[in-house]
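K.L.:
The chain contents come next:
There are 2 protein chains.
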Amino acid sequence: MKQTILVTGGTGFIGSHTTVELQNAGYKVVIVDNLSNSQANVVDGIEKITGVRPAFEQVDCCDFEAMDKVFAKYPDIAGIIHFAASKAVGESVEKPLLYYRNNIVSLVNLLELMPKHNVKGIIFSSSCTVYGQPDPENLPVTEDAPIKPAESPYGNTKQVNEEIIRDDINSGAPIKAILLRYFNPIGSHPTAIIGEMPNGVPMNLIPYVTQTAMGIREQLKVFGNDYDTPDGTCIRDYIYVVDLAKAHVKAMERVLDTDSDKLEVFNVGTGRGVSTKEIVDAFEAATGVKLNWTFAPRRAGDIEKVWANPEKANNVLGWKAETSLEDTLKSAWKWQEKLRNEGIQ
Amino acid sequence: MKQTILVTGGTGFIGSHTTVELQNAGYKVVIVDNLSNSQANVVDGIEKITGVRPAFEQVDCCDFEAMDKVFAKYPDIAGIIHFAASKAVGESVEKPLLYYRNNIVSLVNLLELMPKHNVKGIIFSSSCTVYGQPDPENLPVTEDAPIKPAESPYGNTKQVNEEIIRDDINSGAPIKAILLRYFNPIGSHPTAIIGEMPNGVPMNLIPYVTQTAMGIREQLKVFGNDYDTPDGTCIRDYIYVVDLAKAHVKAMERVLDTDSDKLEVFNVGTGRGVSTKEIVDAFEAATGVKLNWTFAPRRAGDIEKVWANPEKANNVLGWKAETSLEDTLKSAWKWQEKLRNEGIQ
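Going down the list, the sequences are from chains A and B.
Going by UniProt numbering, the residue at position 122 of the first sequence is 122; the numbering climbs one at a time, nothing skipped.
Going by UniProt numbering, the residue at position 12 of the second sequence is 12; the numbering climbs one at a time, nothing skipped.
If you're looking for bench data, these hints aren't it; they were derived computationally from the structure.
Mixed in with the good hints, there may be bad ones.
[Claimed, not checked] Okay, the calculated beta carbon distance ranges per label pair:
| hint | chain 1 | residue 1 | chain 2 | residue 2 | range |
| --- | --- | --- | --- | --- | --- |
| 1 | B | K69 | A | N41 | 37 to 47 Å |
| 2 | A | K116 | B | A285 | 35 to 45 Å |
| 3 | A | E342 | B | L35 | 53 to 63 Å |
Predicted model, so just to flag it, every value in this text is computed and none were measured.
Ideal Cβ placement from N, Cα and C applies to all residues, glycine included.
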């Protein structure tokens with residue numbers, strides 16, 4: 001049995017998939033989640049998939065005393081993967097104070113508690129949004145691309161949290177950290193036991209695609225067909241959530257069990273740019289379901305194209321995105337069908 | 001009688017001088033200070049100077065519930081001047097988590113409480129450090145100069161707090177704000193009843209100068225004599241603290257009583273660059289006291305030269321730095337003599 005890992009936000013989309021992969025790799029997991037944006041029964045799903053029930057504590061990471069008690073209750077926690085965060089870009093524009101407080105205080109609490117409880121490593125969920133606006137000068141984006149002013153309070157909390165971790169380590173804190181900059185995570189577990197649960201109208205492309213295919217949304221709008229890309233639609237790097245989850249396992253091994261630098265940054269993407277139109281076509285081809293979609297004007301704030309150079313993660317973490325776009329989109333559809341079958345969405 | 005103003009950090013260096021000027025201008029003042037870096041008897045000093053005793057509450061701005069009670073106790077608070085912050089650059093490098101937590105949470109608390117208690121305006125203490133490193137491209141620095149990555153956690157909290165205020169106002173919060181970017185505040189009240197109280201070895205030039213003149217420090221080191229400046233030493237914009245305090249009064253009038261934009265930014269400086277060597281010479285000339293000083297190698301992280309373009313504050317706030325460098329340095333020396341006479345330093 002490997003070490004015990006605290007997964008904050010462990011009942012959320014990426015957190016739950018990462019818990020599955022951590023348990024598959026032999027780690028013990030303690031989930032902390034305040035359930036503000038996820039369901040407790042995700043823990044049942046994780047147990048069903050892996051045969052192991054992770055420990056679960058319904059606690060808000062912003063509550064310093066409560067988090068202190070969690071570490072005291074599980075004194076063998078060796079590392080943390082910190083997913084817990086308010087994460088809706090649009091909501092962050094409307095409620096910036098909520099985002100700054102939640103996302104910064106929760107991280108500062110963890111960093112303050114780590115030395116006290118002898119926790120050695122932390123993996124932080126960052127985002128390619130730090131490469132910001134306008135479009136990156138060089139594609140694919142490497143980890144040393146310039147950090148741009150954030151476009152939203154949400155994006156700013158990712159940047160500030162990266163800076164807080166860097167400053168903490170530079171101050172001599174006895175911890176190590178890895179920042180993972182995700183590109184666009186999509187798909188669901190192949191079992192369709194856990195998956196992405198958008199609140200209300202989805203802001204991300206894939207849930208909108210699957211809900212349109214299911215008839216929940218009338219029509220998919222593809223924003224802009226006159227971008228400087230081969231088919232005129234925006235290009236992103238869509239990374240399968242299970243592949244992304246496996247990157248966390250590799251990162252945790254590295255941060256806890258090697259003499260790696262105290263702070264490292266990795267892009268987590270496929271290295272392949274895929275256009276919105278290609279997603280639509282690939283979804284129809286993979287599922288045989290016809291999508292009702294149309295072009296609409298460009299949406300303010302969208303960047304034209306961005307995709308990762310994942311070579312550093314490939315070479316240093318020994319991790320690579322392996323799942324085809326077809327299988328990824330099939331998993332998303334299977335999850336949507338499951339939600340329908342269970343009367344959830 | 002004008003409105004009631006909450007001054008956080010009101011027993012500190014700039015906060016106490018600003019309270020004096022607010023009261024001189026007819027405002028009622030409520031001071032909130034946790035006394036972590038100042039003394040309660042500063043309130044006596046303010047009363048002695050102005051004839052009016054400000055209300056005082058020993059409260060930490062990071063304590064949301066306690067701040068809520070302060071606003072409830074003084075329901076006529078119309079505006080806030082927010083000085084309270086951890087402010088030592090060097091300490092912030094050693095204890096970054098303390099700085100991020102204190103400086104960000106205290107601001108977020110105030111911004112959340114303002115609409116609830118019908119507080120209309122806030123003046124935020126920012127700093128020319130946001131123009132950052134390396135040296136500004138254009139001198140003097142105007143308010144639209146690019147914001148550079150912060151050189152210290154302290155500087156970063158100033159930047160992030162500017163962004164939080166901007167995001168809050170962009171979200172539609174029913175408040176107005178003015179960001180004042182201070183250059184180098186120096187000197188003390190002409191009465192020598194209140195002044196700057198550095199903790200331990202001063203990190204700023206003027207307290208080091210006056211303590212050396214007093215014999216508390218053996219020798220003043222002037223770091224670098226080979227900069228690209230007329231006499232080879234660094235150039236800064238030293239602003240008399242009483243002039244700076246008066247800028248806050250003008251800013252408060254504007255934010256509360258005019259139809260100004262919801263968010264405005266002003267440099268607060270003299271517009272005149274003064275070299276370290278000039279300060280040494282001017283101090284000796286103004287006080288007749290000989291300084292024991294020597295050149296020392298450049299200090300890592302010092303920028304070569306920076307001074308403000310204060311035209312926007314001159315024109316829009318109707319404020320101008322008026323005190324001569326000679327009178328400013330005399331005030332600093334008078335304060336140092338008072339500290340000696342009272343056996344304090």
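K.L.:
Each hint needs a verdict: does it hold in this structure or not?
P.N.:
Hints and how they fare:
Hint check: K69 (chain B) to N41 (chain A), Cβ distance near 40 Å, so the stated range 37 to 47 Å holds. For the pair K116 (chain A) and A285 (chain B), the beta carbons lie near 54 Å from each other, so the given range of 35 to 45 Å is not met. One distance hint, 53 to 63 Å for the beta-carbon pair E342 (chain A) and L35 (chain B), holds here, with the actual separation near 58 Å.
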